[in-house]
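Engineer: Spelled out, the chains give:
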Amino acid sequence: MIPWLRGASPRTLFALVTFVPLLLLFGLLLFAPPDGNERAQLWQFVGRFHPLSVHLPIALLILVPVLELAGRTRRFPFLLPAVDFLLGVAVATAIAAAFLGWCLARSGSYSGPLMTQHMWGGLLVASVAWACWYVRAQTAPFGQRAHPVLIIAAAAVVSFTGYRGGQLSQGENHLTEFMPESLAGMLGVGVTGDAPSNSPNGGPNTFYGARIQPLFSSHCVSCHGRSKHKSNLRLDSYEATMRGGSHGVVIKAGEAQKSELLRRVTLPHTDDDFMPADKKRPLSPADVKSLEAWISSGASGTLAIDAIKDLPASSTIQPVAEVTFEEIDPDAVAKQRASLAAAIAQFKNRFPNVLDYQSRASADIVVNAAWKGAKFGDADLAALAPLSERIVAADFSNTAITDKSAGAIAAMKHLRSLRLMHTRISDTTLHSLGSLDKLEVLSIFDTAVTPSGLQELLRLPKLRRVYASDKMMSLASSLPPDLKSKLVF
Amino acid sequence: MKYDIDLASAQHPERRFADLQAQTRRHFLRTLSGGLGSMFLGSMASFPALAASGDRDIDGELRLDLKRDPKSPLAALPPQFAARAKRVIYLHMAGAPSQLELFEYKPELIKLDGQDCPASLLTGKRFAFITGVPKLMGPQYPFHQHGQSGHWISDRLPHLEQHLDELCFIKSMRTDQFNHAPAQLLVQTGNPRLGYPSLGSWVVYGLGTENQNLPGFIVLISGGNTPDGGKQLWGTGFLPSVYQGVQCRSHGEPVLYLDSPKDVTTAKRRTVLDAIDQLNQQHYAEFGNPETVTRIAQYEMSFRMQMDATDAMDIHKEPEGVRTKYGSKIGESSFANNCLVARRLAERGVRFMQLYHWGWDSHGSSAADSLNVGFVKRCQEVDQPIAALLSDLKERGMIEDTLVVWGGEFGRTSMRENRSGQVTKFTGRDHHPGAFTIWMAGGGVKPGMTFGQTDDLGYEIVKDPVEVRDLHATMLYLLGFDHRRLNYSFQGLDQKLTGVKPSRVVAEVLA
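Top line first, the protein sequences correspond to chains H and S. Take our numbering: the last position of the first sequence gets the number 1080, and nothing is skipped along the way. Take our numbering: the last position of the second sequence gets the number 551, and nothing is skipped along the way.
One thing to keep in mind: the hints can contain errors.
Cross-link-like lysine-lysine pairs, in silico, BS3-like; alpha carbons within 30 angstroms at most [said to hold, decoys possible]:
| no. | chain 1 | residue 1 | chain 2 | residue 2 |
| --- | --- | --- | --- | --- |
| 1 | H | 966 | S | 107 |
| 2 | S | 175 | S | 486 |
| 3 | S | 486 | H | 1053 |
| 4 | H | 1004 | H | 966 |
| 5 | S | 151 | H | 966 |
| 6 | S | 503 | S | 541 |
| 7 | H | 880 | S | 486 |
| 8 | S | 302 | H | 939 |
| 9 | H | 995 | S | 357 |
| 10 | S | 302 | H | 966 |
| 11 | S | 465 | S | 151 |
| 12 | H | 849 | S | 308 |
| 13 | S | 541 | H | 1029 |
| 14 | H | 871 | S | 503 |
| 15 | S | 175 | H | 1062 |
| 16 | S | 503 | H | 821 |
| 17 | S | 541 | H | 821 |
| 18 | S | 302 | H | 926 |
| 19 | H | 966 | S | 175 |
| 20 | S | 271 | H | 871 |
| 21 | H | 1004 | S | 541 |
| 22 | H | 1062 | S | 107 |
| 23 | S | 271 | S | 107 |
| 24 | H | 939 | H | 1004 |
With the C-beta cut set under 10 angstroms, the calculated list includes, among others, these residues of chain H facing chain S [what the hints assert, rightly or not]:
| no. | residue |
| --- | --- |
| 25 | 792 |
| 26 | 861 |
| 27 | 864 |
| 28 | 877 |
| 29 | 878 |
| 30 | 889 |
| 31 | 919 |
| 32 | 959 |
| 33 | 964 |
| 34 | 1035 |
| 35 | 1037 |
| 36 | 1054 |
| 37 | 1056 |
Ranges of calculated distance between the beta carbons of each label pair, as one might list FRET restraints [to be verified]:
| no. | chain 1 | residue 1 | chain 2 | residue 2 | range |
| --- | --- | --- | --- | --- | --- |
| 38 | H | 855 | S | 292 | 55 to 65 angstroms |
| 39 | S | 164 | H | 768 | 20 to 30 angstroms |
| 40 | H | 796 | S | 150 | 35 to 45 angstroms |
It is worth saying that the hints were derived from the structure and are not from the lab. We put the CB at the ideal spot given by N, CA and C, even for glycine.
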């Protein structure tokens, strides 16, 4: 055979070199088709280049008819000689892409009719492309007539196979989901979704069908569905959900805490095992509650839709609360601070480290003169008057202020926390603080305040806690319980 | 003659030579790239986008502006978001206190006391000292429930019991270090290797401190020894050195050698400082190293500290009754004194106070480190002061914005330690990184709750594990920071306390 090969033309060689892999591929598809199991990591890695590599033959096989047509006009005759070369490239790349596709399908969890059609379609594309290339060079009249037929067939098969491929990766309804209704009506495309099953479980009137299955469909089925089912777990029907996957059952009827599915969705989001994986949208706390309630009630497929009322308030498995951080918009904050910005800057120069903004995201001010001790007095407090509206927290403990500052403190209408411990203030000051209706926390430890001075202040609406010294114990016993609870000793 | 020029003049050849020598290759390369860069920019049209690039980090989010005037490197800055806690008092029990003798009540362990440890607990684990098959050991002290929260506590901490309803326990803390120094480094700096800034340094870097006359980060040690992790536990790593913890003493001079010698008056000291200041300013003018300015600031601060620190740390000034409440005695170096000083410092605007108490490493190899002798003493040493501290903070209302954290660096095993196969009359447990307990109080944590759970033997975590970096993230959150935003650019990475692994703020413990 070797001498014959040496004498053969490049065309013949190419024909052989591409025909043999075609046969091989055919054999692979027949005897080692994708069966829904996952296999070695290397195959999965290699296979993932299929979506990338498949675009070249698609483009070429669509382009070739265009070139053929354009090339027969008077303007672009130079295009015709290129077609042969392009067809050759199309054949080679189609075979390579088909092989990569087989690697992907065989190693990931793919199976089902969509998969099968796409797979054979891909082989067909490669075969028809080969035929196109081969036939084009023929001079016989049969070849001349077969050629356009084959080219059109190639384009058609490519479109069909590509459509199936799109459905596999984007979802079965990826073209019809957003189709305008007029078009959908014309084409007779029905409501998208899986075909209705005949089983009594999971029907639209059951709790499972109405509350649980939609959860799965929107969060889980893209990786645990008909065509792609990681770990062999499908969540697109009641039977499939209860059947479980390659690691066992995921729902234990009646035992929510032992159900793997519930465990996975209630893990911290940074955990490796958290589901949904790959940064897909997590279930909301209400969803998790429904799920837990359904499992605890027996995980039935026929339970009526309204059988579980009043989902439990405190479930044994709490969905994990997460803390979110919001981006600070410096311009918005600067705008809020604008009106008093100059005055505040001036004060910060005069009283460094005493007063500052509450945070970088806020325009409110916090005053802490405690560390200054006796160096901070009534005059200094009075100087803060222009900023009174913005002060939300003030600590004048250990300072030299006296009752003379009562008015200045009362002017801080938005004060939420006030500390006056170890100061010489007395009931006089407390009497004038009755207007601080936003005050939540007050500390008057070690001051000259007596129970009578404190009594009326306890009625402030927002006041939660008053830190007072033991002197106030006598007051505590005479108070009603709701006011008494505000005192802390 | 050319050498008639005054040596002090910049034109003198000696000076000029010295100046030239001072221009190192580094200076050349730095100005070269800057120069080329500015030529490039100059030749382009204006690029407003470029100006913003330095303000945004790798995620495209705005950096926190943590720059300060070098003359006041500890100036207070507002936190990123409204903070729940303004200051932290961290009580670190160096050596790893036994959670099974303090807070973790495991009745199953009592039943299995003395039995051989099942193999499943031993396979694949590395122990510091346990060999062969040790025996399980039940809690050495009786437990009971106390308070409305129903927390279990042993009889070792009768004073702290009164505050049990204010504490927030995390019983599922986890670490991957099983020896003291790396574990302490992990807990204090976020990394088991040396060279990283400590928690207190990050906090003072991000928030500064209010009282500029005292250090922002003060460390007090008791128990007889420095903890195994050494001074790096309060070091600054790659952050500017001004943010390091200052180790103070609660008896005698607050900082060794802070006071001037006997005949050096304040005025004289001031003159000396002014002269040093001038020299440093000259040096700064030549080399432009910001650490020089910081050094100037440090000298100034030590001068101010001479007056204020002595006053802050002087427990004579507290009435007798208060000192008795803490159990502190004048002239001693004790945890009780340290707690009292910490409270005084908190009142005076210090940002981060860290107290180390050494001696909790209850292996059971001698009396001092056994559960039946040494542990008892340690509990007595800390019980009353911690309770008094919490009570004082509560009285003053400071508990609202002071975060108190208590913990060790890992836990202890459910098995009795059988070092070299011997059984002595001293009982002890080996190191156990798998689960340990900490508690927090004050500043924004939910009182009276327990987060996380270990199994019936107190060995593995079964629910809600919390990594050390999660604890750090939570503490930074309470102080008003997104832990990912408080960063410092070093070695090409925006370094953070919580490191590069993802961490989460433990939202469940937030009030």
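Engineer: Tell me the numbers of any earlier hints that the structure contravenes, in ascending order.
Structural biologist: 2, 5, 8, 12, 13, 15, 18, 19, 20, 21, 22, 25, 27, 28, 29, 30, 36, 39 and 40
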